[in-house]
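Enquirer: Given next are the chains, with one letter for each unit.
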Amino acid sequence: MSSKLTPPQAQAALDTWTRKMIKWHFSPETGCDYWLTWAKAAKWDPRKEITCFADIAKKFPHFDDDVLRVEQPERFVPKAYAKRPYNVFETGGTTGMPKQRVGWDDYKTDYEEYSDHYGPKFFPKGNWLMVGPTGPRRLRLAVEHLANYRGDSCYFVDLDPRFVKRLIGTGEMAMARKYQEHVIDQAATIMRHRKIVNMFTTPRLLENLAERMSLVKAGLKGVFVGGTTMTPQYVRFVVEEVLEGKINFAPTYGNTLMGLAISKKITKADNYSLTYYAPQPRATLRIVNPDKPEELMPYGEYGRVELTTMTKEFFVPRFLERDEAIRRPPCDEFPWDGVGDVRPFQSLTKTIIEGVY
Amino acid sequence: MSAIHIPILRLGEAYRSLDTQRHSVGGETLEVSVANSGLIRRDLRHLAKSGEALRAIPCETLVGYMEKAAELYLHGNLPWGDGDRLQSPADYAAALSQLTGLPHSLGRSNMSKVHAAMSNIRAVIAGLTRGLPHALFDTGVVRQDGLDVNFFPQTDSLGVLLPSNSPGVNSLWLPALAMKIPVVLKPGREDPLTPFRLIQAMIAAGFPREAFGFYPTTHDGGDQLLFGTGRAIAFGNDTTLKKYAPYRHIQVHGSGRSKILIGDDYADDWEKHLDVIVNAISANGGRSCINCSSVLMGRNRDDLADALARKLAAIEPLARNDPAAILCGFANPKMGKGIDERIEELLKTPGATDLTAKYRKGPRLAELHGQTFLRPTLIVCDDLDHPLANTEFMFPFASILQVPQEKMIDQIGESLVVSAFTHDREWCADLMTSTNIERLNLGPYSTMRVQWEQPHEGNLFEFLYRRRALQGDLVAV
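First to last, the sequence lines map onto chains A and B.
Under this note's numbering, the first residue of the first sequence carries the number 605, and numbering increases by one thereafter.
Under this note's numbering, the first residue of the second sequence carries the number 140, and numbering increases by one thereafter.
Keep in mind that the hints were calculated from the coordinates and are not lab data.
Note that the structure is a prediction, hence the values are computed from the model and not measured.
We treat Cβ as the ideally placed atom computed from N, Cα and C, and that holds for glycine.
Check each hint, because a few of them may be wrong.
Derived lysine to aspartate or glutamate pairs resembling DMTMM-like cross-links, with alpha carbons at most 25 Å apart [stated by the list, open to error]:
#1 B:Lys-500 / B:Glu-483
#2 A:Lys-624 / A:Asp-649
#3 A:Lys-782 / B:Asp-295
#4 A:Lys-872 / B:Asp-221
#5 B:Lys-473 / A:Asp-895
#6 A:Lys-644 / A:Glu-678
#7 A:Lys-782 / B:Asp-362
#8 A:Lys-725 / A:Glu-694
#9 B:Lys-188 / A:Glu-848
#10 A:Lys-872 / B:Glu-170
#11 A:Lys-627 / A:Glu-898
#12 B:Lys-546 / B:Glu-577
#13 A:Lys-850 / B:Asp-158
#14 A:Lys-896 / A:Asp-945
#15 B:Lys-382 / A:Glu-694
#16 B:Lys-450 / B:Asp-461
#17 A:Lys-869 / B:Asp-158
Each pair of labels, with its calculated beta carbon distance range [stated by the list, open to error]:
#18 B:Glu-199 / A:Arg-816: 25 to 33 Å
#19 A:Arg-796 / B:Ala-195: 53 to 61 Å
#20 B:Arg-155 / A:Lys-782: 33 to 41 Å
#21 B:Glu-199 / A:Lys-799: 32 to 40 Å
#22 A:Lys-782 / B:Gln-550: 38 to 46 Å
#23 B:Ala-496 / A:Asp-895: 34 to 42 Å
#24 A:Lys-782 / B:Ser-573: 35 to 43 Å
Same shape as in the complex, but just chain B (with noise of 0.2 Å):
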């Protein structure tokens, strides 16, 4: 049997590169065509077409299409590639559970969770134009308390270099379809799969192949992306964040650094959110910026600490199908290594001990079940300034520390997410002016906790639109 072939898609175009990546799929060889950069940056000359094609029809239909997709990216049988081979939802959870790792479990939940933004996208879009009528999209014009607004696109396109490590993060640029803004996507090494199928999804329902630009790529392609797009986004870690700093137009999703405080008037009632603080570190297996990697309280830390990281070691490497898995895989087993000998070597800076390492049943570093894996680690800190206290890595992973609620604002930094369990009024009120926490949750809840409407990491529509002001008269509006 042939190999199957995920092609580049040029705006819409299939295309055969020379170029391949090549991967075993369920005992198949699954190829990738690898765009030169040169191609990438030819083919962004063309993205007035794909702008055009979806300007030609209403915000109103492209809503409808995307609902429909969210179906067929969930239960519909969707091309492989570029052959007459379909996938259906087994074959590509499967398929993704290999080359990422990912546990079938974990697979499928991330399935539901890009089906969710699929599904939900009215409620995303008005969670990010604020209720703003869809009308806006066809006519650029909407009366709004009886005031005439006007938002523009600043962009021709939206770019997305996109990680391996999630599925999930899919959600995140396509709502900008709904919104006219043709994309152009770098898939993750490890995962082409998902935002093709989301594409073919997409093409399906009703969206114009023109819109969609992927193109599995090097670092030079994926950078020609970032250049040649009018608005992108790239995922990575400190070092991607500073490298694109200076770009404006470029919004970069770093480390999360996500947090859970623990207030006063909760410290003493720990034992009743345990699960979810296991919740927040452990889900999705770790690997999202939203998962906690932090947890602060100002008094009981001991305790908590114990009972966590009791909670944490039970949670044992298993089998990718096995329906209780949680952990992930190392797709690149140097990796699994590579952050293991990493936490090793901080632990020698005083201050810091793994908690976990005492009750797990082996070493952080595992190979079972024909892959590599760590096992969930918790350190309790000293302090803050310790180097393993404020950072992240992509299994479950935290530190906790006592500090007094009163200097924790201070001192935890950039936060993607904090859930911040008190109902202290006055502490509320300062966690809400704080301007280093970009997602807050008040009460006791999950830092994975999602709420469609109440978009985090930036507002995708504010990145690709602005309002102008609109003045005169707008007969001919």
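If we strip away everything but chain A, and leave its shape as in the complex, we get (with noise of 0.2 Å):
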């Protein structure tokens, strides 16, 4: 995913790629109900309209999200696609109806490219374990393909994020507690009864098995996290600690609507501070002013999450995260946009369940 293009390179590539994917979600051949009848409705016609991704921003209302609860899937569905049977992603869903997204592919490029980024040194030819949130997550199907996808074979140890939300909800702490041990001693089991080389997990998950075992001595080489908000300090830990300086870390953040975002290269003279690159020019996030979001915020400053996701499978124009970040510049591997050191929005004002496996 890193890529050699220069800044106004990449910045012209996201531009041509802004107008082929606007071209076929708002052609009626190719486009989807959902979009179809939003423009109907908003009376311009984005074909003609958007020219560039900066129109985007100017011409397109945030995405409301709430629409993936409500809507039935199918009208998300791009014409294109009406013959092939799609997969149902799920996020949310602690109460109530979860947000639905419908694909097909996405997730396979996605990790495709994830896993061309860090080449097999990184994450050394064995078997996967993947300990996290599987069910209706985008994710579990995502890591098994990582894992196929380099000639690998993946476990699983299943986490249901939505009941620990529920149990710290009501202050059940210490039935959390237990079902987060009943995962760990799973994911331990796992660990010591059979060969695993590389891991997807949460960070938090990561620290309670490392509680069990050295993961240096289990012959863990490479894992890959996300899920959570990690401060620098947070990351140094896991680095030095955790995996005892001994094994790859890559970071990620990432979600249903937007796919993965890579992380710089974690150094010590960079004080362990996280950047995440999204996949420009398939999803582009922005780091926007919290109370005019139609701002850029300078580069250094906190802002909010914006994100703008353009495959052929999905449409979704700045789409406001609950999360802030630091907006940082292009660097080395990336020429865009980067997002340093993701927190929950308002984290710092208000009361968050988060980091919760």
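With the hints as a guide, bring both chains together as one complex.
Expert: In structure tokens:
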């Protein structure tokens, strides 16, 4: 997913991709019922008025992800995919109806790009173990595809985050701890009896597992994590102590709507501060002013994370994530803006159930 | 000049975190390293070594170290943090005042209180163990009244979530070290200085550094500390109490709701004891759980209330360095404002009057001397069901009620300290058999009165140690 383009070339590529995707989603032959109906009601034709990526911020309102809860998933099926059965991926749903998105090959594309970015030395050949939310999540198929794409197989231990959030929400901390132990027991059993070389899990579960055993002695070589905020101190702790400075570590930022943003190489010189880069042009992350979301924040300042996803399967313009992050400039590996030190939006002023698994 | 940095102490080893809290002290930046919860959990797995280090030293020696540490804490120059700079007692008192809002005078009185808890460690331990010899902590067995008694530690450590409101509460965990139990402390956000200075004093006096965990951390980290230690103490309000009530290894020090009950035999002499009552309400800026928050008497309520309101209203906010200062500023001004709004809201419930309002020199909430204060408040309540009748706030606040003496014990609810102004033999007997009073002062004494050999708020020895039946051949013991 890293790119050899210069920032202006990457911008030009994003503009070209934007025109292509807008044409796809708003043409009656290829678009989906939801967006075609939306354009009709909005009384403007995106195919004519969107000429570059910047136009998206000017013309489209923020996507309200509640429609993914309310609308039937069929309404988001592009005509070009009408004959192919789709996967339904869910997010949320601790109480009430979860949000659902349809998909076909996007998760494969995302995880193949991710796999290519890291290469064979980072995640050496061998079995994978996923310890985390499976169920109706994209991640379950994605991690297995990642392993398979690299010629490997994957074991799974499930964790139901909806149940954990519910326990915490009702103050049943003892039960939440028991459930976490139950998950770690299963993961530790697999680690002890099978040859596991690479792993996907959440940072908290990784910590818990490392309290049961030395992950280095267990033979682990590469770990990729996602799911919760990681402060620089937390990253340092994972790298130096949990992974004993000997296991490759790849933090990611992503969700069902976006796919997978990759972290710039972690260095001590950067004080272990994480910066994620979206899989542009398929998805773009901007850091916007929370009070005036049409404005970008200056580099180095915190703002709200705004996501635009544009693939043939799915179109999400200007979705305001429930996260905030520092706007970071392009780097050697990625010639577009990055998002640094992500944390829940307004986490300094609100109580948030986060990092529970 | 580089910032002063207070490190995490990972069972003695200083650690600089990338997450820090920053404070400004005397124009300098004070950085406090903040531990992530996983780091704490990881360290707690190594507590066995901390216990070994303490067990290698005879209890009598540790007690001596504690007495020496008392002097170092009060008079010595000790490390500010992990650098070379030393903190004098004056530096400490000034910084403490700036961070917590405590006037210098109260800071110094709290220092004296902590010093006394350390220098009187022999009396404290005697009070906790009811006079068992110190050898108990070396061998586990001592002979008492012709009987061999064996006590064993129920835990490998004592975890403590400290508050910021009053440095004096640190005296609570200190005896654990002399009893050979390592401590793992989470300091209050506004007062990392006191536990750090105490630890430095104790290490300088001879205690092994491995015996101390010092983890400024988040709520999550605090929970890890409470659940990762075999015995733990948390300070907080009723919510904290409810949260940890199901866990018997956690002792919660919640609201004190301490009271003065004036017996019928003292009700006509209230004037003689007015200053004691004012002291009970206002000493230590009203921040302690042993401050009196309700006064109950069978008659003459209105006379006492009026006199008390005049005295309390005369206590004005003063600058932190004023030797006469009694009131504490709020380190977080929003807290003071919130308390004021809450009281005003509850005063809308009929049956309560703020009697101090007509005597004080301004509104309850005051912005003075660069700080936010709450002026002392006395609420006259018609009955104990009023929401302001049996509550407490972090400033000199009390209610006053007229309740028949014979109904007081049943109506007061859980009370940390009760000072019963009485010499009525029958009522004293009833008070001594009541189940809702933790510490009972008989006679006209302030609720703030502390006797070192009379532990209150749970017995730390009984919390940390348990007696075991021991029979058979004890020749090898």
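Enquirer: Using the beta carbons of Arg-155 of chain B and Lys-782 of chain A, state whether their distance is inside 33 to 41 Å or not.
Expert: This hint holds: roughly 35 Å between Cβ atoms.
Enquirer: Keeping to a limit of 25 Å between CA atoms, is the pair of Lys-644 of chain A and Glu-678 of chain A held or broken?
Expert: Holds, because 18 Å separates the two Cα atoms, which is no more than 25 Å.
Enquirer: Within 25 Å, alpha carbon to alpha carbon, are Lys-725 of chain A and Glu-694 of chain A?
Expert: violated, 33 Å
Enquirer: For Lys-627 of chain A and Glu-898 of chain A, compute the direct alpha-carbon distance and say whether it is at most 25 Å.
Expert: holds, 23 Å
Enquirer: Please work out if Lys-872 of chain A and Asp-221 of chain B have their alpha carbons no farther apart than 25 Å.
Expert: holds, 21 Å
Enquirer: Given the hinted pair Lys-850 of chain A and Asp-158 of chain B, is their Cα-Cα distance within 25 Å?
Expert: With Cα atoms ~23 Å apart, Lys-850 of chain A and Asp-158 of chain B stay inside 25 Å; holds.
Enquirer: Against the 25 Å threshold, does the CA-CA distance of Lys-382 of chain B and Glu-694 of chain A hold or violate the hint?
Expert: Not OK: Lys-382 of chain B and Glu-694 of chain A at ~33 Å, beyond 25 Å, violated.
Enquirer: Using the C-beta atoms of Ala-496 of chain B and Asp-895 of chain A, is the stated range 34 to 42 Å upheld?
Expert: With a Cβ separation near 40 Å, Ala-496 of chain B and Asp-895 of chain A satisfy 34 to 42 Å, so the hint holds.
Enquirer: How does the Cβ-Cβ distance of Glu-199 of chain B and Arg-816 of chain A compare with 25 to 33 Å: does it lie in that range?
Expert: Cβ of Glu-199 of chain B to Cβ of Arg-816 of chain A: about 41 Å, so the range 25 to 33 Å is violated.
Enquirer: Looking only at beta-carbon atoms, does the pair Lys-782 of chain A, Gln-550 of chain B fall within the given range of 38 to 46 Å?
Expert: holds, 41 Å
Enquirer: Given a hinted range of 35 to 43 Å, is it respected by the beta-carbon distance of Lys-782 of chain A and Ser-573 of chain B?
Expert: Holds - the Cβ-Cβ distance for Lys-782 of chain A and Ser-573 of chain B, about 39 Å, lies within 35 to 43 Å.
Enquirer: Between the alpha carbons of Lys-782 of chain A and Asp-362 of chain B, is the straight-line distance 25 Å or under?
Expert: holds, 15 Å
The structure fails hints 8, 15, 18, 19, 21 (numbered hints given earlier, in ascending order).
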